[in-house]
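> Sequence lines, in order, name chains A and B.
Our numbering puts the first residue of the first sequence at 5, with every later residue one more than the last.
Our numbering puts the first residue of the second sequence at 5, with every later residue one more than the last.
Hints in this document: simulated from the structure, not taken from any laboratory.
Be careful, since some hints might not be right.
No more than 30 Å apart at the CA atoms, straight line, and that leaves these computed lysine-lysine pairs for DSS-like [unchecked claim]:
1. B:Lys397 to A:Lys376
2. B:Lys474 to B:Lys109
3. B:Lys397 to A:Lys404
4. B:Lys124 to A:Lys417
5. A:Lys325 to B:Lys397
Chain by chain, the residues run as shown.
2 protein chains.
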Amino acid sequence: MEISILQKVRYTYKPKLPASLSGDIRDIALNFGEPTEAISDQEALKDIFKHTYGKPLATFTKGTMAGMGAELKVALILSGGQAPGGHNVIAGIFDGLKKANPASKLYGYLEGPAGLLENKYIELTGEIIEEYRNTGGFDIIGSGRTKIESPEQFAASLKNAKALGLKAIVIIGGDDSNTNAALLAEYFIEKGEDIQVIGCPKTIDGDLKNEHIETSFGFDTACKTYSELIGNICRDANSAKKYWHFIKLMGRAASHIALECALQTQPNVCIISEEVEAKKMSLEAIINQICDSIVKRADKNENFGVVLIPEGLVEFVPEMKKLISELNDVMAGHEAEFAALHFFEEQLSWLQKKISADSYQFFNSMPPQFAKEFLADRDPHGNVQVSLIETEKLLISMVKARLSMLKQEGTYKGRFSALGHFFGYEGRCAFPSNFDTDYCYTLGYGAFVLIAGGLTGYISSVKNLVADAKDWVAGGVPLTMMMNLEQRHGSKKPVIRKALVELEGAPFKTFARQRDAWALETSFHYPGAIQYYGPPEVCDQTTKTLQLEHIK
Amino acid sequence: MEISILQKVRYTYKPKLPASLSGDIRDIALNFGEPTEAISDQEALKDIFKHTYGKPLATFTKGTMAGMGAELKVALILSGGQAPGGHNVIAGIFDGLKKANPASKLYGYLEGPAGLLENKYIELTGEIIEEYRNTGGFDIIGSGRTKIESPEQFAASLKNAKALGLKAIVIIGGDDSNTNAALLAEYFIEKGEDIQVIGCPKTIDGDLKNEHIETSFGFDTACKTYSELIGNICRDANSAKKYWHFIKLMGRAASHIALECALQTQPNVCIISEEVEAKKMSLEAIINQICDSIVKRADKNENFGVVLIPEGLVEFVPEMKKLISELNDVMAGHEAEFAALHFFEEQLSWLQKKISADSYQFFNSMPPQFAKEFLADRDPHGNVQVSLIETEKLLISMVKARLSMLKQEGTYKGRFSALGHFFGYEGRCAFPSNFDTDYCYTLGYGAFVLIAGGLTGYISSVKNLVADAKDWVAGGVPLTMMMNLEQRHGSKKPVIRKALVELEGAPFKTFARQRDAWALETSFHYPGAIQYYGPPEVCDQTTKTLQLEHIK
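Build out the structure end to end from the sequences listed, making use of the hints.
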């Protein structure tokens with residue numbers, strides 16, 4: 005395989021492991037704490053997870069384990085969107101497995117959970133693993149978004165896992181996929197099968213996070229990549245002095261990415277969805293906040309700037325949330341009727357009869373090109389595809405309209421030219437930062453030790469991540485401990501609670517303390533590209549979010 | 005100033021200089037070759053550049069010069085779009101100037117040539133320079149696109165330069181700005197003033213290039229930044245296996261950026277404008293070429309891929325070029341009449357009467373949302389703003405239409421989902437790569453030596469750039485040597501000839517030799533982020549374009 009120079013050189017990088025996982029793998033054992041409880045809905049969860057509920061926290065320690073060294077077959081699944089470092093989780097599992105017993109085998113189910121359901125897999129040999137060490141992407145076996153939900157899917161999972169003779173399955177995924185891992189672990193025990201299931205916390209969104217999971221892997225690298233680009237654009241804005249750049253950033257539910265990038269680059273404005281929801285900020289209020297910065301900077305003859313917008317914003321603005329929900333309701337069951345309307349005007353009058361007057365008025369107030377995005381290409385369930393709404397352009401258009409009004413009133417004297425950007429796919433498959441490279445390898449290596457220790461329904465966990473890797477505290481956390489019940493598709497379901505941006509947390513408060521100054525002054529920071537080499541302060545720092553969360 | 009960690013660490017980087025410029029600056033002298041000739045139109049150019057035409061090439065050598073060590077005032081201008089390394093050109097000039105005589109002063113005109121015309125400048129002190137060493141952007145003094153064209157502008161330039169007591173002006177810019185430098189140099193002599201003008205070759209587009217200018221600065225860093233992102237997207241495509249990514253890349257006239265990025269990342273398709281023009285490829289032919297790759301890959305169940313598109317493509321497709329030219333003609337003088345038409349249908353019927361039947365038919369065949377982009381927001385001269393046309397989305401839309409036809413015919417059996425991207429602003433202000441850091445510093449240092457040697461109408465030049473910096477050959481090239489006459493706004497004007505992609509050159513031929521394989525197979529390369537530290541093969545390589553052009 006012909007490869008890039010960086011890839012070739014990255015192969016030689018040796019991921020760091022915490023002290024507890026260094027040394028001979030046969031000298032590693034598990035240390036258990038007290039039984040645990042779910043974060044809420046304990047009784048209901050105890051009932052759902054009869055065999056796996058309430059297990060103790062596990063950490064690694066010196067010692068021996070009966071299961072270590074057995075010949076095992078382990079398979080893994082990459083689930084959901086890509087995140088830098090996935091290949092290193094796999095390399096960590098592989099190395100642990102082969103060190104414990106070279107005859108053990110690692111398999112990879114192809115293209116996500118669908119591979120398990122359809123029994124499509126490959127053996128991950130040393131030769132294959134060598135090609136993917138310390139690289140980005142999930143291309144080693146592909147990823148997918150299929151969920152294991154129906155009884156038939158659970159049965160197929162068991163059948164295929166048994167057929168392959170698996171001792172364990174590792175599911176590398178976000179909150180949903182790890183919830184799935186917990187359900188699968190419980191299901192296997194219930195069916196009397198000794199097939200363990202271990203999860204690994206993956207998502208660039210950074211919203212799989214709690215007391216025991218300090219950060220999900222990939223968040224560090226993705227945010228650094230976006231911050232590189234945002235910083236470059238900030239510098240461009242400050243050099244050309246003629247554009248306002250509106251940059252939308254991936255992250256549907258939580259605004260961790262936008263917040264981290266704001267802390268790294270100090271833009272003039274950064275909208276945080278969680279704050280919009282908490283304060284019930286209308287779209288108008290958001291537009292006014294942005295215009296306030298533009299007007300004040302124009303007074304200083306600085307007709308340029310940078311605005312960060314989280315991808316999921318539209319779902320948090322009260323009137324948009326309401327509109328989207330009403331549209332979803334009204335479309336469900338009326339797809340054919342709606343599809344017969346070919347002109348926007350027809351669609352408008354159809355909608356006027358179906359949705360609330362408030363929502364109709366709001367819908368009608370949007371520039372038609374954006375209103376149309378709410379109606380176009382709905383997903384298989386008839387839902388509005390929020391990711392297709394060009395929020396950055398919608399905001400530009402509404403800001404422009406507001407500024408013309410302010411100009412007429414005489415309160416705005418600047419000139420406004422704006423450009424929109426969307427960053428997401430640019431960062432999900434970057435070469436993992438040294439942090440993610442080490443963190444993921446540790447997660448994978450630890451996942452194997454949890455398997456050797458006979459655990460199931462656990463997620464691999466590494467704590468104390470702001471310290472040197474040697475001082476990281478690795479172990480396993482019972483998945484049920486991170487769960488509660490939430491309403492999903494009409495009924496209460498056990499799920500891992502998503503970690504949203506906490507408005508009382510240090511990262512947001514640090515941002516909030518400085519943003520008024522940033523709105524006015526040009527305070528841009530230019531982080532530059534991720535460095536894999538060089539002085540440690542350049543190549544081994546993790547995110548500001550993680551650092552701030554560790555200041556107690 | 006609070007700054008990013010990388011910026012802080014980059015301050016300590018010491019740019020490399022070629023041997024001829026190392027050592028004591030008072031031991032550097034100029035070595036002259038034979039008189040030179042323009043590339044064509046020699047007689048006419050000799051007439052325009054009476055005092056500056058035909059000067060000899062200059063290189064640096066050991067020796068002494070009368071002018072070295074004098075107390076001088078020098079000013080500089082950053083002209084046009086940003087390119088990584090501009091700050092280092094300035095640092096190079098500053099260091100040369102101060103080494104030769106610490107009492108000499110460097111000034112920076114603010115926001116481009118407009119600063120010279122409006123006499124807005126700052127003194128660039130050591131304290132200011134220290135803040136910008138080895139950083140990206142042009143924010144030290146800003147940049148601008150004003151051209152010095154009218155007799156009044158030339159007079160104002162002279163007046164302001166004299167008032168400041170300047171010995172020389174350095175213009176850091178692209179082909180147009182360096183043409184301007186040549187004209188200004190000639191004008192000052194004609195007016196009997198001893199104010200020298202020296203140019204520096206800047207543009208990320210890479211189209212200021214010839215026998216003596218091997219590459220313009222910024223091309224290296226910008227292409228590496230775009231290639232990082234394209235590589236990441238390639239890896240994402242190959243992991244998720246569900247999207248075709250259509251990526252538009254900055255570069256209006258020449259496709260050097262697209263070509264270099266293709267060589268670095270090996271996408272499935274890369275369109276080169278120069279080839280489209282040479283082969284008179286219609287839009288349909290381009291769509292067919294893209295669809296050919298999509299269909300063949302779908303046959304292998306690979307319903308994903310990456311397509312690179314140069315920003316300026318629409319101006320090279322024969323029917324689009326014709327349409328744009330007709331639209332520009334018809335709009336000129338009819339702005340008010342056209343502006344009165346508020347509906348697209350009205351605009352259509354108005355246009356039908358004004359443009360050729362061919363162009364009208366083509367215009368009408370485009371999806372309306374894109375057709376509208378040809379009519380929206382024309383520039384101050386009434387011209388279509390090509391940069392606002394979302395070529396990547398237009399191509400997606402037309403590819404989609406073509407694929408449905410092929411599906412009906414039964415020749416296409418895949419599924420097609422596509423995403424559009426545009427990369428430009430992301431790369432113009434990146435921290436310069438080590439190559440651009442060293443190259444720019446050398447260009448600036450050399451520019452000062454040319455000034456000390458009393459030269460005017462020269463561009464600072466560094467050759468042998470694929471060798472180690474110590475072996476680079478630095479000197480000055482008479483600007484007239486790079487010029488010819490071209491039709492501009494109705495009359496023949498002296499200009500520096502733009503270097504387009506040569507279809508017989510090694511970079512294009514290397515690409516052309518491999519592209520059929522890339523169209524079919526997944527051959528992506530993942531270059532990763534620019535590295536400033538690490539093994540030399542990772543952090544000190546220059547572009548594939550430059551390397552291939554040096555294989556003779």
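> Of the numbered hints stated previously, which ones are contradicted by the structure, given in increasing order?
none
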